[in-house]
Amino acid sequence: MVSIARAQSIPDRVPYTMDSMVNILRPPLPLVRHALVDSLNHQATRKHALKEKADAFQRQVTGGGNQLIPQVPALLKDSLHPQILNRGSIPGKGNIQLPSRGFSDLKDPVRKEFLSYIHASSGPAKYAKLQEGFGALKDSARMERFFDEKLRGFYALFKDHPATDKLKLPGKPENKLQKAGAQTSYGDTTGNASGWWSNVEVQDRFALGSIPVNLQYANVSGYNRFDHDLSGENLGNFKFDREAYLQKVSAHVRKNYDLKKYFLDDIDFKSQLKQFTDARLKSLSEKGDSLQKLIRPEELMYLDSVQLRNQLFANAAGSYSDTALESKLSKLLALQKEIGGSLDPNSMLKNQYQLKSRMERYMQDPLSAAEMAPDLIPMSGLQRLFLKMKELAAGNIAANASKGTVSDLFMTGAAGSMLNKNKMLMLGAGKTRQALPYDIGLDGMQQAPSQSLQFLRMGKGDMDKPHHHVSMINANARNDKRMPNVRTLMQNTFVGALSNRLSLGDWGDVDFEISKSNTSTGAGGPAGDHAAQSKAAIANFFDDFITTVSTGLKYNSALPEYGLTQAVYFNYSGMGYNNPGSPYSRRGSMAYGLQVKRSWLRNKASVQLRTDFRNTSRTALAGSQWKNRTLALDGRLRISRQLTLSGRLHQSNMMSDGSHGRQEQYLNRKVAFSSQWNGKAGGLRFFNQSSLGLQQMHYMTDVAPVKSLFVNAFVSHTIPVGEKMITANVFYNRDIKNAAVYSNLLTADAGYQYRLVKFLQCGSSLTFLDNRGVVRQAGIRQQVSAQLLGRCQVNLSMDARKDLMNTPQNYLYGNFRSELSIFYMLNQ
Amino acid sequence: MKRYLTVLLLMCTAMFVRGQVTVTFVPEVQGRTLETVMGARFMNGGQKQQCILQIRITSADGGLIAETVTPAFELPSGMQMIPQGAAYRSAWKFGNSRQAVVVKQSHQFPEGEYEYCFTLSEVAGGHAGGVIAEQCFNHMLQPFSPLELTEPYDGDRICEKRPTLIWQPLIPALPGMTYRLLLVEVKEGQARTEALHYNMPIIRQNGIPSPMLLYPPLSAELVMGKRYAWQVSAVKGETLLARSEVWDFTVKCEDSVAKRPVDSYRNIDDLAKGNFYIAEGRILFAVENYHSAQILDYSIASISKPNEKLRKFPRVQLNTGRNLILIDLESVKGMTDGDYYILSVRLPNGETKQLRFLYKAETE
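Quick mapping for you: the protein sequence lines, in order, are chains A and B.
So the first sequence is numbered by this note's numbering: it starts at 1 and just counts up by one.
So the second sequence is numbered by this note's numbering: it starts at 1001 and just counts up by one.
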């Protein structure tokens, strides 16, 4: 392991790529080649010898007159066959000669098999090209590299595995239903606006050419109690399953190749090196003047240049002149350089250990398959493309990149991203969908309900690693038949953004993004030229810069030795910023904040502070603003394994600044303590979770300001008794100032979960609810869940309450709710 | 004379019939964006007719904010909005003031005093002809504050399975405005907006009057370990006024100290032979019992402090067959971190196994 010794102690942050692994592992090429060729030839010889023996044995056993061995157990005979005789694998192929020194060193049966392997692993098309190209590629560096890679692959190939045409990934279509089910719920709470809702769901996995695609379908429908309209929505998508694909490829590689051999783990390089050095020393000797007598191979391997010189001179002991010795020394030094320099046994051992563990992790990681596979198994263009594909989805899908580009977007279209050689490309196009299935009864919105958009993001680096990306979004407003009363205007928006992440190493990461939008509205005239207008937004892209720009800066870092994580951010966006790709992005605001978390005593205690400041402009001129301040302080202390205490202090308020001075619009101030306690009482374990809090809430309504002061308490107690469980929950929220109608609530329930028969898990509880002055109810809740036939799961729950007192103000608390769901699940 | 009067009367009637269009426009709700301005309604008392609509919005000091001219369209009788096609194809012109720039770029009106003037004209040779109706509305507009969610915070981990959901109210508060809240589970591999659309909601509550929702008692409680996404919308009548961001949180309340994976159970014979065992809070071993089930007979004594009294040894059940025994040393009273102890186990077959160990309090 010569070059391993040369490498410095491997820093953990070295990127975990194939190149880095192999470059560290790989000793100088001539040595590797020598070792592999040697080993392959040796195996071939041994195999040949065994074959001879087996043939002889077979002749003895099956016939040839001499019945020396009357009864040979069939078992013994058969055990010889598969190993030696019927590899059945690589038929010898071709008579081409690879113009490489290593190739000529390969002995004949091995040579033919090697060629056949190249044919199988690179594919017949490439093989044919190689045949033609060999002449041109004589001895070039590319040829040598190709030969070495193929040699390593051939060396690592599981020889016991049948036919190398099995090296290809299985191509036939596969289909596997993952999950199918239906859920339906009915509730009579007034505020729900709909009695029935149902959801039918199907998840399926389909693979073609070993490329797995997940299909998801859902039908969401509800019965609108007001106008008896059954609103149904059908949603579906296809998604490429990257993880499954990499697992498949990785498993396939592992099935065909012994990866330990591929990483040359089983070759004893030290002895190989010794042999190699020995051979080279021999070849370096001049007539009758053997260097071997002067220097042993071990000395050449281990001594540095000064020690080597001393040793040489000592061994020569006057037999040679100084100049002759100098010339011999220079030859030796050249040879030493060829084998990679002198070895340092200590660091060699340490590096060897580190490398071994990294290699283990590397081989377990399916991502490594993506790197190795193209060299080892023949893959079609499409299969290679999908190795680089990070995501690909079509249908009703979500798209997310970053806050200044595409974020929390739901659309009907297609989107995908690809990473190749650390360059990322993300593309998407579709029609956005803001209206939810549950927007029943709504037919108007403030803005265009839908946009037809296309986006592109590309640059260097992956999304969650240091990167420099450029993005572009182009969108045109569209209407949505679910919102028929919105009058959509002809509007074209173009957004351009630059996104960067810089890594400061141990000091954390900095994210910086700047995004600018431009909108053009309206046709050119009563009969305006639509086509010309729709691209107009990009034409005046840099207009109104400050008003339409949005920028964000975030710094986060972690210091694990102090148990400290922190993040700081700053965002600004102009009032005119309009990004259809990020429908919830903020306009006209400047925000900054800090988050710090510190833990002590091996995470037994922790404190977290979070502050957010946001100023949102109301006018285009300076002056009126809403000022939001949020402060949250959380602490947690684990007193023992039985008890954990936590406390929280939270304040969130909004002031309105303007011509009328400063006015408080909203205040939410809360202090709360909670505990988690598990212990034993009366021989039974229990889990108790409790919290007590005081909350002050002030806000403006259209009528008058509301000022509430809540006391809230919550206790949840669970006692597991064998397979059964007793639970009790009490929730109490009281507005001491009696300002809010719906906030004086007491709910309590006591329940018992048990197994009725082997496959039926049930839960029964008694419930009680009292909203002071509005409603009082008592009821029962029954839940049943069953696992039928191993794969089918049925859940039924019913909650029925009887009014002990009711008033017309009761919006939120109905009397009945039931849910039923049936799912067929494939055990994955 | 009679004829003259009849013609005059007929003309007047015609004019009267034609002029019966009034504009219905509520600036407080409809004057906030260009799209809602185009949503003004027209009460056409007369017959259907071709017309062109001009809307001109100016600021208090007379500066132009935005102006539009629609192509010719047919206005049916009754209460009608401009047809979508006409609205889409209308031509727009914007002023140069900063307010106008904001309106041009975002279609939303900043705070200010505005005058919205609607002029409905007949069509004369492709352009606006005689005026059918003209109405102006003045309004001091206060834009909506951003609808921000408050608690549980985005990405937070909470302990409660029935949390109270709080958000910032929409200001200015319009009469008749209520909130809607949607809470769904986010499944593996789903983005949160996808979850909002595809999954059956856990909470889907309309008509919430205050910016807070105590967890509905009729809804199923949240499940430990799962991730949930939620969003609030502010609604007035049939119009959606504002939507909050989508936030998510996870219900996860495990001990802050990571659960240690259970190490392998080595056979007690092996352990007893070895001379060094470090017990990190517990002792693990495997033992075969060929006798009936019984309580494991064992004792622990301190080697470092022979006089130390140890109490409250946990009861360990020994079943028939192979047993994986875990003795939780944390619950034994009197153990000292860093001391040596000896565990003596009396097996049912009469053998006694002894194990010396170093006790270390559980670390993370």
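There may be inaccurate statements among the hints.
Quick list of in silico lysine-lysine cross-link-like pairs, BS3-like style, CA-CA up to 27 Å [claimed, not checked]:
#1 A/K597 / B/K1093
#2 A/K176 / B/K1226
#3 A/K239 / A/K107
#4 A/K239 / B/K1312
#5 A/K172 / A/K255
For the record, the hints were derived by calculation from the structure and aren't laboratory data.
Honestly, which of those hints from before does the structure not fit? Those not satisfied are hints 1, 3, 4.
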